[in-house]
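Q: Chain residues, written in single-letter form:
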Amino acid sequence: MISYAVIYGLVCLALALGFNLWRLLKGPSIGDRILAMDTMVINTIAIILLIGIANESGSFFEAALLLAMVGFVGTVAYCKFLLRGDIIE
Amino acid sequence: MIGSISIAEIVISLMIVIGASFALIGSWGLVRLPSLMERLHGPTKATTLGLGGMLIGSLLFFQLEHGHWTTHELLISLFLFITAPISANMIAKVHLHHLRIEQANAGPAGKPTNPPSDSDWATYEAPRPITSEAPPSDDR
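First to last, the sequence lines map onto chains X and Y.
Residues in the first sequence are numbered consecutively from 0, following numbering that gives the first Met the number 0.
Residues in the second sequence are numbered consecutively from 0, following numbering that gives the first Met the number 0.
None of these hints come from the bench; they were simulated from the model.
The C-beta atom is built at its ideal place from N, Cα and C for all residues, glycine as well.
A portion of the hints provided could be inaccurate.
To spell it out: a stretch of chain Y is covered by chain X in this simulated footprint if at least three of its residues, at any positions, have a beta carbon under 8 Å from a beta carbon of chain X; those stretches are [stated by the list, open to error]: (1) 24-35; (2) 64-75; (3) 78-89; (4) 109-120.
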């Protein structure tokens with residue numbers, strides 16, 4: 000039963016990544032693209048968690064944690080660059 | 000066949016299904032809503048509810064099926080719940096600056112009005128040096 004739930008979750012997240020990719024390509028403003036990229040990172044973390052459940056392995060969590068940190072830093076750095084023209088002042 | 004399904008499996012599957020559905024709805028909101036200020040709503044709820052549900056499902060899976068606690072899910076959810084409002088605030092600030100230079104679609108919310116005093120919103124102003132003096136009060 001859990002395997003069916005994991006398959007359903009993977010299908011949902013693949014569709015969600017498709018929607019995010021559409022928004023990332025269409026824009027129209029640069030803020031939309033940053034938001035789409037941030038959401039893609041979050042959906043990828045969810046996919047990694049589901050793969051960890053499907054493989055019954057706890058070693059996927061480090062990848063999810065690292066992706067959460069790197070995605071946040073990337074989003075904030077891009078916004079900071081657009082707001083201030085520089086990342087570290 | 001039905002009798003072999005335990006309560007734990009039902010609860011774990013329910014959390015995974017709820018989380019994945021919320022993630023899908025959040026991304027659909029990112030496509031569907033009219034302007035960036037509205038689009039910010041969808042993915043932030045997808046982060047909190049969708050990933051929260053899936054993290055609880057994963058936590059229960061490793062506890063109930065394998066009998067050992069994993070604390071990584073708690074770390075991931077703590078980090079995501081701290082960082083999601085910060086990144087949403089930064090994206091909203093980028094949107095406000097684009098509105099100010101007339102490049103973005105204002106949407107149903109419209110442009111923000113000016114604050115009541117003669118100053119401007121903090122994100123538009125240049126950083127001021129920190130002074131030890133108290134700011135002048137208006138009631139004199």
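Q: Work down the list of hints and note, for each, if the structure agrees.
A: So, going through the hints one by one against the coordinates:
Residue count for the segment 24-35 of chain Y with a Cβ under 8 Å from a Cβ of chain X: 6. That meets the three needed, and the coverage hint holds. Residue count for the segment 64-75 of chain Y with a Cβ under 8 Å from a Cβ of chain X: 7. That meets the three needed, and the coverage hint holds. Against chain X, the segment 78-89 of chain Y contributes 6 residues with a C-beta closer than 8 Å to a partner C-beta. That satisfies the three-residue criterion, and the hint holds. Here the segment 109-120 of chain Y counts 0 residues with a CB under 8 Å from a CB of chain X, which misses the bar of 3, and the coverage is violated.
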